[in-house]
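Trainee: Spelled out, the chains give:
Protein chains: 4
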Amino acid sequence: RELRDALEPSRVKLLRQFTSLSDGVKFLVDLRADLHDLANGDPILRDLEGDLRELLSSWFDVGFLELRRITWDAPAALLEKLAGYEAVHEMRGWQDLKARLGGFGPGNRRCFAFLHPLMPGEPLIFVEVALVREMAAAIGPLLDRATPAVKPEDAEAAIFYSISNCQRGLAGISFGNALIKRVVAELNAELPNLRIFATLSPIPGFMRWLDGHTAEGEAPLRAMLSRRGWNRDPAVVEALREPLMRLCAHYLLEERRNGDRVLDPVAHFHLSNGARVERLNWLGDISAKGLRESAGLMVNYLYKLDQIDANHEAYAAEGRVIASSSIRGLLR
Amino acid sequence: RELRDALEPSRVKLLRQFTSLSDGVKFLVDLRADLHDLANGDPILRDLEGDLRELLSSWFDVGFLELRRITWDAPAALLEKLAGYEAVHEMRGWQDLKARLGGFGPGNRRCFAFLHPLMPGEPLIFVEVALVREMAAAIGPLLDRATPAVKPEDAEAAIFYSISNCQRGLAGISFGNALIKRVVAELNAELPNLRIFATLSPIPGFMRWLDGHTAEGEAPLRAMLSRRGWNRDPAVVEALREPLMRLCAHYLLEERRNGDRVLDPVAHFHLSNGARVERLNWLGDISAKGLRESAGLMVNYLYKLDQIDANHEAYAAEGRVIASSSIRGLLR
Amino acid sequence: RELRDALEPSRVKLLRQFTSLSDGVKFLVDLRADLHDLANGDPILRDLEGDLRELLSSWFDVGFLELRRITWDAPAALLEKLAGYEAVHEMRGWQDLKARLGGFGPGNRRCFAFLHPLMPGEPLIFVEVALVREMAAAIGPLLDRATPAVKPEDAEAAIFYSISNCQRGLAGISFGNALIKRVVAELNAELPNLRIFATLSPIPGFMRWLDGHTAEGEAPLRAMLSRRGWNRDPAVVEALREPLMRLCAHYLLEERRNGDRVLDPVAHFHLSNGARVERLNWLGDISAKGLRESAGLMVNYLYKLDQIDANHEAYAAEGRVIASSSIRGLLR
Amino acid sequence: RELRDALEPSRVKLLRQFTSLSDGVKFLVDLRADLHDLANGDPILRDLEGDLRELLSSWFDVGFLELRRITWDAPAALLEKLAGYEAVHEMRGWQDLKARLGGFGPGNRRCFAFLHPLMPGEPLIFVEVALVREMAAAIGPLLDRATPAVKPEDAEAAIFYSISNCQRGLAGISFGNALIKRVVAELNAELPNLRIFATLSPIPGFMRWLDGHTAEGEAPLRAMLSRRGWNRDPAVVEALREPLMRLCAHYLLEERRNGDRVLDPVAHFHLSNGARVERLNWLGDISAKGLRESAGLMVNYLYKLDQIDANHEAYAAEGRVIASSSIRGLLR
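Protein chains in written order, with our numbering: chain A, 1 to 332; chain Y, 1001 to 1332; chain B, 2001 to 2332; chain L, 3001 to 3332.
Quick caveat, the hints were computed from the structure, so don't treat them as lab data.
Here a beta-carbon is modelled for each residue, glycine too, at the ideal position from N, C-alpha and C.
Treat the hints with caution; some may be incorrect.
To be verified - To give a feel for the contact side, a few chain Y residues facing chain B, derived at Cβ under 10 Å:
| hint | residue |
| --- | --- |
| 1 | Gln1017 |
| 2 | Gly1024 |
| 3 | Ser1058 |
| 4 | Val1062 |
| 5 | Phe1064 |
| 6 | Leu1118 |
| 7 | Pro1120 |
| 8 | Asn1177 |
| 9 | Ala1178 |
To be verified - Computed Cβ-Cβ distance ranges for the label pairs, DEER-style:
| hint | chain 1 | residue 1 | chain 2 | residue 2 | range |
| --- | --- | --- | --- | --- | --- |
| 10 | A | Asp42 | L | His3250 | 52 to 60 Å |
| 11 | B | Ala2087 | Y | Gly1319 | 52 to 60 Å |
| 12 | B | Ala2087 | Y | Ala1310 | 34 to 42 Å |
| 13 | L | Asp3154 | B | Asp2030 | 24 to 32 Å |
| 14 | A | Gly84 | Y | Ser1287 | 28 to 36 Å |
| 15 | Y | Gly1172 | L | Ser3022 | 49 to 57 Å |
As the list claims (entries may be wrong) - The list that follows gives simulated cross-link-like pairs (lysine-lysine, BS3-like), each with its CA atoms no further than 27 Å apart:
| hint | chain 1 | residue 1 | chain 2 | residue 2 |
| --- | --- | --- | --- | --- |
| 16 | B | Lys2013 | B | Lys2098 |
| 17 | Y | Lys1026 | B | Lys2026 |
| 18 | A | Lys181 | A | Lys98 |
| 19 | Y | Lys1098 | A | Lys81 |
Starting from the given sequences, assemble the full structure and let the hints guide the process.
Mentor: Below is the structure:
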């Protein structure tokens, strides 16, 4: 211990001074984000970044986080930040934001965020949830305010369709796991009618991987994919469907980096949290971004309350990916 | 008293039932607004409206109102309502709203509203204030976010440039008076550097009055006013300036209805509150609406703390309008 | 209506002025209490009291009341008032208060109060509840902190053992009815294990009535009752038991004033609220006050959710008192 | 850094688990207090205590503390804790507590506490302040509710007469310094009429020191002090006055331990905070405890806003004690 004490660098003492400023903690969080960008080889900056990381990870202990349901009654300043942080499916103005918080129709949307008492008014991470009849297969209808809505008490599935980290300066200090568990618990208590808790997630690295992946006989497939508007040509859509689904299943379940960890970052996040890979959805996201990044494919990760811990254990300890039999079937 | 008791109509008993519903008071306020539109001669509806008025005026006693400063940290639901109720200078989206609440530059805007504990989340009336160097002469620069801003502690004048009643169903139950007095007191305490408390107000009835007013020799004036874009022709502007200022001073100070009350509703409001007519501003509002309703003229009503009571008394008791010598000079 | 308007006395206008003072509403409530004591024949004061009553009854509409659970986390200033207003079973210091709010052992006490947004920090009426295994028969063990406590989730009965009106100035403006209904609903939602909702109530007028009531053959009974400590003499207790129970049942159910209304004020309150007279408890309250006022007897009024409306109707419309067969049996 | 990381003991990881329990942080704070008592030579427990200290000192950074004025409107649960933690002048029941919070007469008492967002409802340290006409010389009148009170706006002196640390488990993680500075600033802003900010403090170690201190010719003095009720014998009081004042001045200013640090712990606290030793008060505390610990003497430490930093520097860097000339005069 005395060794540790002696090693407490005076940098840390300096950094602590900022806590007494208003917004001092936010300042330090943003400072770490900047240092991360700048450090790049400079050992002094890298060390400073490391000290900050240690300090922040002591303050931002997951036990201190407050789960808050975000509604249209939240402060406009907080909602403005939320809209700015949305990383998955961009918000189109305040009416879109209002709808995503549950403000339209029978109130079948939910938004939950983690906040921290030392950085009030700043969301750390938030998730948007749609309450629907069954596991959602496409993002378009979920984001379209014109889609007929079910009443919350008639919904059977809670779809987590967007999860956004807000503070780059807290990278590596994880709370995503805790967020999903607590939101599932909260929804379960409010709406006992819900049977399915699942995401509708992008597969952000699929096309990048496919580009770098060369396999015999895939040239025609690539040629078709490179045509603009291929998704509106029924013949092409039909020809691409099976091979792409197979390749994608392979990408999600088999491709690894650093040994056991799956290559796709979103898959890694949900597998670490104890989800299983449940279903691939062909033409699930036909936005420009969806086509470009994942050939329009989306995936459901399923959270079954009684299997979360076992799934997490299998993946964390042995790198074993739990997947539904339909997904497994695509691998053969 | 027993007579009064016997007269308590069973309608009132019915109306009271609504209080236990959530939003019941808001329902009754809106009901009165609807009745006012519909009644039109029907004695039963008119009586119901009267009963409602009595009930509401008992509940909405000015002593119960809470003055709240509205900032960008207010609930989005409240701000959305506020933007919808703005009656004087329309808001253009959320960024405009944010600016009007004080959110840009050095924070030299303020917004205050009255709320009532029985109708939470619903503004009753609100006022928008700009902190500037001197009594403002034109609305354009006040609404333009590009105008260079002074720091609040350097401002000398607080300009009330928009006052909006939010609840048609509370018509005739007045709190505007109390609002301005309390906002002046609040600003005075926060910023002792403020010397001038004045409005920059529209003159909504001027052109309508002018149209009905026929006087010898005014035909050329009318002709000039009817040309589109007259305000961009320097010669016309010069020719119109003096006669219109004279006519407007006459309209504001001399034209009455029901005996003592001045004809212009905004003038009546501020004179009743104890303000004095301070200055006419030529080309103060060159928006389409400003030109159409008041030939581009605006007026400052000045609130001098030590004269408010005397001014109010003079107007309320004798119909005497207090005005600056420059305005009086226009009458000769 | 115009007649009514003309009759609005200038006194009322005067009274309304008080609303803008801090604590102005509390001042008016207390003023009415004072007027009630002083008026006594003076027609002017009586009229003023009447005006106040009308004004207060408009403001204190039951729809505006907020039901609040009062715990040890409530402001000390509020709790001090509560302890002062307790009218049924006096509190002995702050530790006793803490226990009654639920602060000891497994938390099997509850306290609920009505508050009003125009008079914050002032309880209007409150009820104290004990969660126990079965319908309580004696007050002593309920007030004794040493009594072994059941866990809330094992309790089967919620006993309302003290209901206190706090504002004499709101006499005749009733909310007791609404309070009990809402507390029953609240407890029902929190603890589905509760099957019985009943009071354990004093019978404050029994002995007074008995003193004025002369019937043949009652002299020995009176003689026994007048002996100090009769309740500790088993022979006397046995001799008195049956005749007193019979007389008390008669007093509660049959003695009326103003036609239909039962004589006992607490019985009238609960019968009006839709309760039924369930059980007489011999030696239910052996405190000095209990012996003096009701010969130690207490009574349970039972609230059955599905019979409240019918019971209320029977009593309010026809003066019919609903009682259990065991009580009815005592009348023969 | 990697060295530090490798040294992060798994104990710390374990300790962090407690944060997600409700009251988890309070649990850890109390655990450290217990370890401190138990450790006593056991190296494993001592190390655990050290780890806890590090963790807690990271969480309880002074920048995170919230200064709160504690009034009679605070939760009873918080006030009960406060009364329990009062270490200097014991509270005698809730009415005494209410008086100390400012609740009687013209409101010339204040109480301020530091709270921390991770341990809500738990005061860390609090100070009680009396607003009076001049620097107080005796504690009796300050604690006596019968003493005539000045109005806050007529007071010239703010006397800090009791400062209590509440959490033994946060020993060595200091916020007393920050507390006094912030309270002085707060009072200064509220009441510009205040000219003097000073404590009225006990001298807890004086008599213990005197007992161990043997000097020629002090035997008669000791003999007088050992008589019960000496403070009520005018002759003895007169004879003791001068020698004891001299000895006490010597004790406070000259006696040191660990080199520069003064021996008296309260003196050390205020000197570290930048106060100066201003005045000794003969018979300032004639309670049994006051006579026993400090022969009835009390001392004022004076906080002069423009000298706090220099005083602090002189003491911290060189061990130089700043004192008034009257105190210095006693040393000769």
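Trainee: Now, for every hint given, state plainly whether the structure supports it.
Mentor: Quick rundown of the hints versus the structure:
no., hint, result
1, Gln1017, "holds, 8 Å"
2, Gly1024, "holds, 6 Å"
3, Ser1058, "holds, 4 Å"
4, Val1062, "holds, 7 Å"
5, Phe1064, "holds, 6 Å"
6, Leu1118, "holds, 6 Å"
7, Pro1120, "holds, 9 Å"
8, Asn1177, "violated, 12 Å"
9, Ala1178, "holds, 8 Å"
10, A:Asp42 with L:His3250: 52 to 60 Å, "holds, 57 Å"
11, B:Ala2087 with Y:Gly1319: 52 to 60 Å, "holds, 57 Å"
12, B:Ala2087 with Y:Ala1310: 34 to 42 Å, "violated, 52 Å"
13, L:Asp3154 with B:Asp2030: 24 to 32 Å, "holds, 30 Å"
14, A:Gly84 with Y:Ser1287: 28 to 36 Å, "holds, 32 Å"
15, Y:Gly1172 with L:Ser3022: 49 to 57 Å, "holds, 52 Å"
16, B:Lys2013 with B:Lys2098, "violated, 43 Å"
17, Y:Lys1026 with B:Lys2026, "holds, 25 Å"
18, A:Lys181 with A:Lys98, "holds, 25 Å"
19, Y:Lys1098 with A:Lys81, "holds, 13 Å"
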